[in-house]
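J.: As a plain string of letters, each chain reads:
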Amino acid sequence: MKKEIIISGFGGQGGLAIGKNLAEAGMAEGLNVTWAPSYGPEMRGGTANCSVVLSDKPVGSPVFAHPTELIALNEPSLAKFEAGVLPGGIVFVNSDVVTDKVQRPDLTAYYVPCSQIAEEVGNSKVSNMVMLGAYVAATGILKPETIEKMIEEMFAGPKAKFIPLNIEAFRRGMACVQ
Amino acid sequence: MKKEIIISGFGGQGGLAIGKNLAEAGMAEGLNVTWAPSYGPEMRGGTANCSVVLSDKPVGSPVFAHPTELIALNEPSLAKFEAGVLPGGIVFVNSDVVTDKVQRPDLTAYYVPCSQIAEEVGNSKVSNMVMLGAYVAATGILKPETIEKMIEEMFAGPKAKFIPLNIEAFRRGMACVQ
Amino acid sequence: MAIVYQKSAGLTDAELHYCPGCHHGIIHKLVAESLVELGLLDDAIGVCPVGCSVFAYNYFTCDMQEAAHGRAPAVATGIKRTHPNQAVFTYQGDGDLASIGAAEIVHAAMRGEKFTTIFVNNAIYGMTGGQMAPTTLIGQRATTCQSGRTVEQAGMPIRMAEMLSTLDGCVYAERVCVTDIANINKAKRAIKKAFEKQMNREGFTFIEVLSTCPTNWGMTPLKANQWLKENMAAYYPLGVIKDSSVEVK
Amino acid sequence: MAIVYQKSAGLTDAELHYCPGCHHGIIHKLVAESLVELGLLDDAIGVCPVGCSVFAYNYFTCDMQEAAHGRAPAVATGIKRTHPNQAVFTYQGDGDLASIGAAEIVHAAMRGEKFTTIFVNNAIYGMTGGQMAPTTLIGQRATTCQSGRTVEQAGMPIRMAEMLSTLDGCVYAERVCVTDIANINKAKRAIKKAFEKQMNREGFTFIEVLSTCPTNWGMTPLKANQWLKENMAAYYPLGVIKDSSVEVK
Amino acid sequence: MAKELWKGNEAIAEAAIRAGCDCFFGYPITPQSEVPEYMSVHLPEHGGVFVQAESEVAAINMVYGAAGAGMRAMTSSSSPGISLKQEGITYIAGAELPAVIVNCMRGGPGLGTIQPGQGDYFQATRGGGNGDYRTVVLSPSNVQETVDFMQEAFDIADQYRNPVMVVCDGLIGQMMEPIEWREIPKRNLPPKDWAANGRKGRDHHNVINSLYMDPEVCDAHNRHLDEKYAEIAKNEVRWEEVQCEDAEIVITAYGTPARIALTALDALRADGIKAGLFRPITLWPFPEKALHELAAKEHVKAFLDVEMSSSGQMIDDVRLAVEGQKPISYLGHAGGVMPTVEEMIESAKKALKEVQ
Amino acid sequence: MAKELWKGNEAIAEAAIRAGCDCFFGYPITPQSEVPEYMSVHLPEHGGVFVQAESEVAAINMVYGAAGAGMRAMTSSSSPGISLKQEGITYIAGAELPAVIVNCMRGGPGLGTIQPGQGDYFQATRGGGNGDYRTVVLSPSNVQETVDFMQEAFDIADQYRNPVMVVCDGLIGQMMEPIEWREIPKRNLPPKDWAANGRKGRDHHNVINSLYMDPEVCDAHNRHLDEKYAEIAKNEVRWEEVQCEDAEIVITAYGTPARIALTALDALRADGIKAGLFRPITLWPFPEKALHELAAKEHVKAFLDVEMSSSGQMIDDVRLAVEGQKPISYLGHAGGVMPTVEEMIESAKKALKEVQ
Amino acid sequence: MSAKVTFNSDRCKGCELCTTVCPKHIVIIDRETINRKGYHPATVSDMEQCIGCASCAKICPDSIITVEKF
Amino acid sequence: MSAKVTFNSDRCKGCELCTTVCPKHIVIIDRETINRKGYHPATVSDMEQCIGCASCAKICPDSIITVEKF
Ligand SMILES: Cc1ncc(C[n+]2csc(CCOP(=O)(O)OP(=O)(O)O)c2C)c(N)n1
Ligand SMILES: Cc1ncc(C[n+]2csc(CCOP(=O)(O)OP(=O)(O)O)c2C)c(N)n1
Ligand code: SF4
Ligand code: SF4
Ligand code: SF4
Ligand code: SF4
Ligand code: SF4
Ligand code: SF4
Ligand SMILES: [Mg+2]
Ligand SMILES: [Mg+2]
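Residue numbers (this note's numbering), protein chains in the order written: chain A, 16 to 193; chain B, 16 to 193; chain C, 17 to 265; chain D, 17 to 265; chain E, 196 to 551; chain F, 196 to 551; chain G, 86 to 155; chain H, 86 to 155.
It should be emphasised that the hints constitute simulated quantities derived from the structure, not laboratory data. Since this is a predicted model, take the numbers as computed values, not measurements. Where a beta carbon is used, it is the ideal one built from N, C-alpha and C, also for glycine. Mixed in with the good hints, there may be bad ones.
[What the hints assert, rightly or not] To give an idea of the interface, some chain F residues facing chain B are shown, with a C-beta separation under 7 Å as derived from the structure:
id	residue
1	Ala197
2	Lys198
3	Leu200
4	Gln369
5	Met370
6	Met371
7	Glu372
8	Ile455
9	Leu457
10	Ala490
[As the list claims (entries may be wrong)] Keeping only pairs whose Cα atoms sit at most 25 Å apart, straight-line, the calculated DSS-like set for lysine-lysine is:
id	chain 1	residue 1	chain 2	residue 2
11	E	Lys521	A	Lys174
12	G	Lys122	C	Lys239
13	E	Lys521	F	Lys548
14	A	Lys95	G	Lys122
15	C	Lys245	G	Lys154
Use the sequences and the hints to build the structure in full.
T.: Rendered as structure tokens:
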């Protein structure tokens with residue numbers, strides 16, 4: 016079992032954080048995980064992406080040309096990475112930002128209105144949790160409980176008030192693809 | 016035929032110049048020659064020396080541990096290099112400065128009162144020419160005419176007035192060992 | 017219909033890679049316009065630094081050389097000494113010029129090298145992601161002084177224009193900024209004057225431009241503009257620091 | 017019979033390798049005496065440069081480190097930051113400090129590193145045989161400016177004490193010489209004061225000592241002494257350049 | 196021990212702190228800037244000293260000073276910055292000071308690219324500075340190893356009074372991976388009675404120095420260094436062999452290419468090709484003997500050296516070790532392009548075909 | 196042509212001027228300071244530019260600027276100074292600029308000694324800077340060759356747009372020897388239409404640069420460099436073989452040890468021992484093929500590598516070329532002590548005895 | 086209308102600097118539009134009022150503004 | 086004699102600096118002697134006049150002068 020995921024968007028959209036959450040959760044479930052960011056000089060408007068591997072075997076290459084899943088948070092990301100997705104792979108699109116559609120017929124596409132849902136839930140900052148929910152639900156690679164536990168740990172102590180919000184966002188994201 | 020000469024004295028005593036003169040003259044006679052100075056940080060009172068090779072074959076090493084001749088312009092030089100002179104070699108001592116004598120019985124020693132002769136000739140600056148004369152006379156490796164021609168070239172033009180003085184010093188040096 | 021203003025012929029058509037509102041872009045065009053207006057463009061050789069303006073060679077239409085980090089003054093010396101009649105300029109950031117390249121700028125100034133330095137002081141290492149620069153203000157946060165720069169740890173920020181002005185070879189040093197039109201106009205006058213003095217072979221000319229880094233300051237461009245005026249200009253006084261013709265206190 | 021004066025306990029018994037009359041030897045002993053008199057010898061760590069004083073570690077009886085050419089301020093920073101309560105000093109020549117090491121000294125001063133620099137300015141590269149230094153006077157001959165230094169080729173000589181004094185981290189800068197007893201006494205007072213300020217954690221302290229190089233100046237020691245007083249002291253004014261307690265103009 | 200997710204560069208910094216690093220002197224450069232950033236916050240919390248130096252040259256000389264005064268001192272940088280440190284490193288080696296230098300390599304030459312590279316192998320293993328000297332070079336190929344190697348690096352440095360480099364490429368510096376904070380057995384280290392940190396009553400003054408004016412003394416010093424290097428080579432050489440027992444094609448690789456090779460190995464084995472990996476962990480001392488012996492094995496038919504370098508640098512060491520016993524082919528890219536699993540598979544197959 | 200007696204360093208400077216050197220940027224250091232000193236007087240007489248730089252770092256970057264603007268630019272230094280130039284050299288290689296760098300080597304590591312050494316072989320031939328690049332390295336072993344090689348150095352630099360190093364040791368720099376000012380055939384060199392020296396109506400602006408942010412582009416640039424290096428290796432490799440036709444023991448040496456070996460050769464032959472000398476003249480490209488073929492000859496029984504280095508650096512290249520065909524032994528000293536004729540004779544005899 | 090201001094809107098980064106220097110306060114950010122770079126571009130709200138002073142153009146770091154006058 | 090000046094003459098470099106600072110002008114170079122370093126060493130011509138001010142010792146770069154006083 017091995018998932019190779021690319022998460023890509025504008026710098027500041029939170030793609031790197033989604034990747035970290037996936038890696039953290041994978042680690043919590045005892046998987047071998049890696050997270051590798053693209054990095055470069057400060058160029059706003061550019062695309063920032065990261066590569067995440069979740070695997071039951073030791074991870075060889077932390078970077079790869081052909082992801083099993085793509086999470087595209089903006090249009091340039093979809094344009095850049097769609098072609099490389101492994102046949103039969105899944106593409107998650109932040110449909111609030113991206114109006115383009117996935118072109119390849121051999122891919123499963125989920126259009127997740129992350130920001131909209133986040134605002135519905137009450138805080139635009141939780142849109143990443145929505146996408147995470149969608150990913151977890153669609154791939155089944157991670158247990159929802161793991162993510163929820165992770166959320167609880169992330170917001171331990173004084174920030175505990177954010178837990179329900181995040182869990183709600185996560186669940187709404189899961190619901191999107193079910 | 017190969018001569019390997021070490022000329023050594025205080026910095027400023029002109030030992031390096033004697034070496035250069037030997038090399039120039041050797042070159043003029045079609046020999047293969049090299050001149051190699053010792054070098055180091057400025058330390059007055061230290062000893063400066065150079066190594067000269069005159070040879071009818073291409074010169075391999077320009078430096079050597081066992082000179083065929085040693086020209087010692089001060090006491091530390093004699094002390095330092097006498098032991099290394101090739102058995103049967105020659106040691107030229109500037110007897111105006113060095114009161115020590117050559118210890119090894121297998122060496123020929125010439126004690127040349129260079130400064131004294133130079134002053135007799137009329138200029139303390141030509142003491143090097145005295146030593147050169149001694150060397151040429153004792154070794155026979157270079158023709159006296161070569162040196163005299165070299166002196167003429169060295170003092171060509173406005174400095175021509177120094178020619179007789181230098182030639183005189185050179186000849187007096189030759190006379191010392193005859 | 018006459019064109020009152022358009023992109024300078026001294027700039028290529030390439031899109032600038034700078035962050036929104038970053039002053040590098042404004043400073044670029046003032047340099048480009050100055051070269052064009054003085055008729056130097058076809059003659060000029062520019063030297064870019066390592067810093068956010070590392071790609072400046074993509075933007076200026078004159079010949080350009082990319083220097084190693086901090087070494088633009090040495091590179092420019094190599095160029096100008098062998099091309100004494102041509103206009104040579106360096107474009108350097110504060111990390112590049114005031115930190116790693118401190119020896120090179122001091123010595124170019126001491127020797128009175130006849131090129132013009134455009135020193136873009138944004139009080140931070142922009143390109144590498146916001147580390148402390150020698151010009152970072154006391155209390156200002158950076159990724160290598162996350163609770164703000166302290167005197168104890170890093171000393172007081174360095175005023176390069178003032179320091180270089182102690183050197184006779186530096187004949188002209190002015191500090192400007194580009195936060196508004198009045199200052200932009202002043203900055204351009206200063207840059208042109210520097211090039212004129214260079215072409216007159218007067219000596220080393222130095223224009224320090226206070227500049228924003230909205231991204232690493234963590235501010236909007238407008239907020240950054242404001243912060244510059246209130247904080248940077250207070251510590252780094254604007255104006256002529258040295259002019260060998262008119263001695264200014 | 018009481019000893020009025022003898023070789024300082026701060027100096028080893030090794031013979032100094034300096035040329036006859038070279039001031040390095042005098043400056044060494046002033047530093048050694050100061051350390052002894054302030055009770056710092058057993059605590060002190062000195063840093064030697066690359067230059068004629070490269071072997072200073074053979075002469076001082078305190079612990080010593082030999083730095084790479086020009087990097088003594090960086091080496092001293094590494095020592096002092098990790099040993100904040102001990103006395104740390106660097107001893108640097110003008111090639112070492114003002115040329116190759118310009119960035120390091122500027123930044124040590126900017127950061128206000130709490131060590132003392134003894135800067136021996138003899139207007140020449142002594143050790144390597146008399147090349148031009150940044151402090152070589154206009155008209156002075158050196159092996160790399162054999163007809164004398166010119167402004168056009170090498171700029172005006174750099175006044176390090178004045179330049180470093182523009183930096184807030186430099187709390188004390190004085191220029192002295194050791195040509196005669198009055199000046200030797202002044203020099204020693206300055207050196208002691210610098211160490212005291214260091215131990216008070218005031219900041220970076222800098223003593224520039226004008227010094228002779230009879231060998232490479234091609235003069236007798238006495239002639240060199242004279243030349244220093246007449247020429248060097250004229251361009252490099254003696255006295256306190258900066259004292260953070262008493263602000264001097 | 197619970198696993199924690201750490202970014203390579205931050206793990207390096209934290210591991211150094213845990214290894215007792217007293218002081219860090221550095222200068223920003225991508226892709227290693229997280230090391231000084233982390234140090235600036237956390238080293239002082241542990242009583243350590245952080246200074247952002249004015250340059251890489253200054254940083255390495257600060258390391259020299261602090262190390263000479265007996266501290267566990269460290270710097271880190273990336274390729275062009277490491278080039279600037281060469282004089283300082285040869286001084287540290289010449290003066291026999293312990294120090295740890297991290298090179299988070301990017302592609303070259305010159306300014307090159309900020310993406311991962313391995314073009315500094317020669318510089319690290321042969322010494323880019325002047326004179327005859329060696330730095331011990333540890334090469335982790337995952338984040339756990341970067342963590343494990345930091346204490347080793349400080350210990351080896353102290354034990355032999357020699358600079359130790361930890362070289363990783365930008366990818367290892369930037370990526371996150373789960374790690375454990377394992378207890379690494381501490382070595383029995385000699386006292387630093389040579390340190391120039393103030394006499395404090397000592398009957399002699401200590402001197403830190405790399406100058407040996409007298410040729411004979413300098414030569415003797417070099418011989419002493421040589422003996423030390425021979426001892427290090429004997430004691431400290433490390434490598435890993437993966438599925439080499441029956442391998443017909445052996446991939447030689449370190450750092451990121453080595454971990455990519457693990458994936459290629461699986462694929463090749465799945466294809467019925469007996470592939471193995473020989474991974475030097477100490478690049479100097481290079482595991483020459485082990486590789487020579489492996490090359491002598493009947494079942495080994497060919498080697499494939501894989502590096503993030505245009506035409507290979509470690510390949511020289513591989514050739515020196517293999518000594519013509521078996522053919523060696525090369526796969527590599529410089530400048531941020533990483534060799535892919537697919538390329539490795541293809542090259543391995545080609546290399547095998549050529550010997551058949 | 197009359198012979199003239201010249202000091203190595205001054206001959207280097209004069210030869211550079213005659214080769215059309217436009218500008219020299221340098222910093223004093225023993226034992227090469229006569230180069231800048233000579234240049235400061237004589238280069239301006241020929242309309243050239245001399246600047247005493249504030250440091251070796253500045254000097255090499257001045258070379259970069261002048262070379263980038265189309266000039267024949269040069270610098271010289273000695274070992275620690277060359278270490279400081281490493282970043283600059285890799286930039287010059289990366290930006291493909293022609294430049295000539297002289298290293299008048301002294302003993303190391305660190306400050307070491309100012310006496311002659313050869314411990315910078317690795318630095319010169321492998322690149323002490325970051326990334327994959329090569330400098331052409333010419334190694335004269337007498338003053339005549341230093342003179343002959345200067346024009347070649349500038350020409351090779353211009354032809355391939357690559358830095359060229361001339362490495363000699365302090366002895367060759369300091370000694371005097373008779374030389375002739377021979378006419379070296381000039382190469383047909385490409386125009387420097389890439390130079391950033393002002394557009395002057397050109398329809399595009401020229402850029403001098405070693406930055407290739409995009410990994411693919413950087414990789415392609417590296418491949419381009421590699422092809423260039425392959426071409427240089429094909430065209431420019433030089434070596435000398437002395438009495439190798441029947442040699443049983445072959446001494447490999449360059450620079451001063453090579454000329455000392457000539458004396459040893461005579462002595463060995465006089466003793467009835469068939470000794471030869473294989474002298475690489477280009478250290479990079481190393482005459483690998485020629486040496487490999489020589490090693491294959493029946494009559495060659497063993498090699499003796501001799502260097503002014505503690506345990507040898509060129510010996511790696513010798514081993515890479517010989518590839519285990521014949522045993523190689525080593526004789527060397529670092530730090531100013533030169534291998535003597537006597538040592539060479541003894542070592543050669545020992546090496547031969549060991550194979551018998 | 087005595088003057089015309091043209092924006093190369095695709096390249097606008099929405100930094101708002103131009104909006105701070107117009108003497109007529111007619112340079113505004115068009116919050117309704119997102120350009121291909123993802124920014125809200127600047128525009129002129131009322132070209133009639135423009136006096137062609139070129140201030141907006143002078144400050145634009147990306148040099149995307151052209152000003153013409155009759 | 087109220088003071089005594091001793092020279093470690095073997096180490097004297099004959100630089101003459103000490104001769105310039107003696108208030109009594111009694112420090113001189115002994116041109117009759119050459120020490121093992123090859124220099125004419127300094128000496129005191131008339132010890133009686135010495136006031137033990139230590140000036141000669143203070144300036145000596147080689148620190149070879151010791152001054153004692155009753
Ligand atoms: C030798 C070397 N050291 C460090 C770097 C990394 N580096 C790139 S840009 C930069 C600093 C940029 O800051 P600044 O000069 O202020 O320019 P800005 O980006 O702020 O315009 C640094 C440290 C490098 N490229 N080379
Ligand atoms: C990196 C490096 N460059 C150059 C040198 C050669 N060098 C030794 S001392 C010196 C200059 C000495 O001059 P200064 O600092 O003025 O000291 P002085 O000898 O005059 O006391 C130089 C250039 C060196 N050792 N290392
Ligand atoms: S990081 Fe700062 S300096 Fe660099 S382009 Fe962005 S705003 Fe400008
Ligand atoms: S060369 Fe000059 S500085 Fe050096 S010891 Fe001699 S006199 Fe002193
Ligand atoms: S040209 Fe002047 S008036 Fe017109 S929009 Fe621009 S700033 Fe406003
Ligand atoms: S200044 Fe330029 S980039 Fe910024 S908002 Fe105005 S038009 Fe757009
Ligand atoms: S102690 Fe004073 S008085 Fe006595 S000799 Fe020395 S200088 Fe003269
Ligand atoms: S000062 Fe010292 S070295 Fe010089 S002459 Fe006097 S005693 Fe001798
Ligand atoms: Mg900046
Ligand atoms: Mg000096």
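J.: It remains to establish, for every hint, whether it holds in the given structure.
T.: Verification of the supplied hints:
no.	hint	result
1	Ala197	violated (10 Å)
2	Lys198	holds (6 Å)
3	Leu200	holds (6 Å)
4	Gln369	holds (6 Å)
5	Met370	holds (4 Å)
6	Met371	holds (4 Å)
7	Glu372	holds (5 Å)
8	Ile455	holds (4 Å)
9	Leu457	holds (4 Å)
10	Ala490	violated (24 Å)
11	E:Lys521 / A:Lys174	violated (62 Å)
12	G:Lys122 / C:Lys239	holds (22 Å)
13	E:Lys521 / F:Lys548	violated (29 Å)
14	A:Lys95 / G:Lys122	holds (15 Å)
15	C:Lys245 / G:Lys154	violated (32 Å)
Comparing the model with each earlier hint shows violations of hints 1, 10, 11, 13, 15; every other hint is respected.
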